[in-house]
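Chemist: Sequence:
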Amino acid sequence: MKKRQFKTESKRVLDLMINSIYTNKEIFLRELISNASDAIDKLYYLSLTNKDIKVKKEDLSIMIDIDKDKRTITISDNGCGMTEEELENNLGVIAESGSLHFKEENENQNDVNVIGQFGVGFYSAFMVSDKVTVESKSYKDEKATIWSSSGVDGYTLSPSNKESIGTVITLHLKEDTEDYNYSELLTEYKIRSIIKKYSDYISYPIKMEVENSRKKEDSDEYETYKEITTINSMIPIWKKDKKKITAEEYNNFYSDKFYDYKEPLKVMHFNIEGNVNYTALLYIPSHAPYNYYSKEYEKGLQLYTNGVLIMDKTSDLLPDYFSFVRGVIDTEDIPLNISRETLQDDKNIKLIAKSIESKIKKELLSMLKDERDKYEDFYKDFGMQLKFGIYNDYGMNKDKLVDLIMFYSSKEKRLITLKEYVDKLKEEDKNIYYACGETNDKIDLLPQVELFKDKDCEVLYLTEYVDEFALMALGEFEGRKFVNVCKESADLSTEEEKEQIKKENEDNKDMLDTMKETLEGKVETVKFTNKLKNHPVCLTTEGEISTSMEKVINSMPTDEKINASEVLEINVNHKISDKLKELYEKDKEEFKKYTKVIYYEARLIEGLPIDNPTEMSNLICDIMANK
600 MKKRQFKTES KRVLDLMINS IYTNKEIFLR ELISNASDAI DKLYYLSLTN KDIKVKKEDL
660 SIMIDIDKDK RTITISDNGC GMTEEELENN LGVIAESGSL HFKEENENQN DVNVIGQFGV
720 GFYSAFMVSD KVTVESKSYK DEKATIWSSS GVDGYTLSPS NKESIGTVIT LHLKEDTEDY
780 NYSELLTEYK IRSIIKKYSD YISYPIKMEV ENSRKKEDSD EYETYKEITT INSMIPIWKK
840 DKKKITAEEY NNFYSDKFYD YKEPLKVMHF NIEGNVNYTA LLYIPSHAPY NYYSKEYEKG
900 LQLYTNGVLI MDKTSDLLPD YFSFVRGVID TEDIPLNISR ETLQDDKNIK LIAKSIESKI
960 KKELLSMLKD ERDKYEDFYK DFGMQLKFGI YNDYGMNKDK LVDLIMFYSS KEKRLITLKE
1020 YVDKLKEEDK NIYYACGETN DKIDLLPQVE LFKDKDCEVL YLTEYVDEFA LMALGEFEGR
1080 KFVNVCKESA DLSTEEEKEQ IKKENEDNKD MLDTMKETLE GKVETVKFTN KLKNHPVCLT
1140 TEGEISTSME KVINSMPTDE KINASEVLEI NVNHKISDKL KELYEKDKEE FKKYTKVIYY
1200 EARLIEGLPI DNPTEMSNLI CDIMANK
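Sequential numbering from 600 applies to the sequence shown in the numbering used here.
Calculated from the structure, these hints are not laboratory results. All figures in this text were calculated on a predicted structure; none of them were measured in a lab. It is possible that some hints are incorrect.
[Said to hold, decoys possible] Keeping only pairs whose Cα atoms sit at most 27 Å apart, straight-line, the calculated DSSO-like set for lysine-lysine is:
| id | residue 1 | residue 2 |
| --- | --- | --- |
| 1 | 1086 | 1174 |
| 2 | 825 | 841 |
| 3 | 739 | 795 |
| 4 | 825 | 912 |
| 5 | 1086 | 1010 |
| 6 | 761 | 838 |
| 7 | 796 | 843 |
| 8 | 898 | 912 |
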């Protein structure tokens, strides 16, 4: 037996490997299976060029064994194996990768495709083991060797009587601690679940002895028996010919992989070749997850390379506004960090992300055009996210998303796009009109909306709190400005009508100023208007902040509170205007009561809170009692 010490720098790296580099202990099995797959790949590749190496691909496999009594997990492969020198060089010097050397030596061969390039994955075994034994026989050596180590103290090399080519790695698991139950790794269920999660698409069978039950012959009793079975699927669905995959197979994969009980709305399966190569299988869900619009929701696509799951949620591959998309990306063209758990910042990542974004948008536009009902179903759940995408990042992505957003139309009585709104306008029409409220029905009853509808103007109804902010980020659409009908400046009156109302306000200036004083700074202006049809009063606003923006910002859990510059508008053609003029001349106290009541009414119509509901109630009762 030969005793060896790790080099000082290797000891530091090993300690780092065990305690820092990997964040998930179960990754060890992914790494060892990947290494076994590499070894089999090498042997199979060599057999194609070396007639002395006799290998049948169907005989190549990886075997997993569990021994609960000995607390061991064994990973065996019939790959190329390692000589004593290779064991010492590859395992005795941390970060020395035999796979990387093999790839470099055969860099001109396109079919050389190995995973382990860093030479550190093997040492993840020490996260769960207090002793690791590697027994290996190389295809090019008659001797076999055992490499054994208990960690940073070093390792031993000793002869082995192993006869077959390949490698057997035995892990002696640590005892359970308060932080981790290592014994769970000795259960068939846990090992199967780790393999299915990370290594399901390794291209060689991963076999395991499992326990099954069957009915005894001529009896109602059952007996248990053990059999060797293949755990992994080997060929991922996205690697199959699209023409041979049924809708049911796509839906079953989606349900199994993403735990969604409803079928997806859309499936996107494509392969991209060019500056960067990748295969994608993406799904647009038919409904939003319960936590979609919360901080708990994590976006991201599953990232695979050579059949190995690298990241479960690769957020860098999806923009936030398409975070609803689920699916997998399989590529060999991205650099991984040393633990293969996170991506390095690289231009290829950005290229893939940009390509995916383009594909998703194209699919959504196609759905909008050809499957309108399906798109509207999608939009009810995820439209808000698209509008967030327009508003966020100072409107940087607005041009990418503007064609996808929709709003309810006062004329169409359904969702329409901005393009559909503008296409109906006359050349002289310069505005896109909208109104905000809690529901379409409530907006439909707003006093300001009534006149616009009466004059055959289409109004878009904005019911989500991000809507108006998104329109402000857009600024305009095809040369038309967005105009809130509840703004004081929104006016469809003729010049003659404007002159008439201007004279009315000038003639009653003292009365209107008194009303403003009575409201003690709650409004910027009180004025008569001819913009209302049947309603007595309304609140409009001056400046950029609307009442809907006021409600949104003030509802946020911050100390920042704002007030819109409100204008109280009184319908000059309503009986209330005559009553106010009468009271102003005859009963100033009653006039003040009416002033406050109509202001409160205007706030209620806008869905704004009343500062003093008790005062409002008392005022109404006083007015009623004086009738």
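Chemist: It remains to establish, for every hint, whether it holds in the given structure.
Modeler: Okay, the hints, checked on the actual structure:
1. Only pairs whose Cα atoms come within 27 Å are accepted, and residue 1086 paired with residue 1174 is accepted, the gap being roughly 24 Å.
2. Using a Cα cut-off of 27 Å, the hinted pair residue 825 and residue 841 is violated, with the two alpha carbons roughly 37 Å apart.
3. A hinted pair counts as satisfied when its Cα atoms are at most 27 Å apart, and residue 739 with residue 795 does not qualify at roughly 33 Å.
4. For the proposed pair residue 825 and residue 912, the alpha carbon gap of about 36 Å is over 27 Å, so the pair is violated.
5. With a C-alpha separation of about 21 Å, the suggested pair residue 1086 and residue 1010 falls inside the 27 Å cut-off, and the hint holds.
6. The straight-line distance between the Cα atoms of residue 761 and residue 838 is roughly 37 Å, outside the 27 Å bound, and the hint therefore fails.
7. Between residue 796 and residue 843 the CA atoms are separated by roughly 25 Å; this keeps the pair inside 27 Å, and the hint holds.
8. Restraint check for residue 898 and residue 912: satisfied, since their Cα atoms lie roughly 7 Å apart, inside the 27 Å limit.
Violated hints, in rising order: 2, 3, 4 and 6; the structure is consistent with all others.
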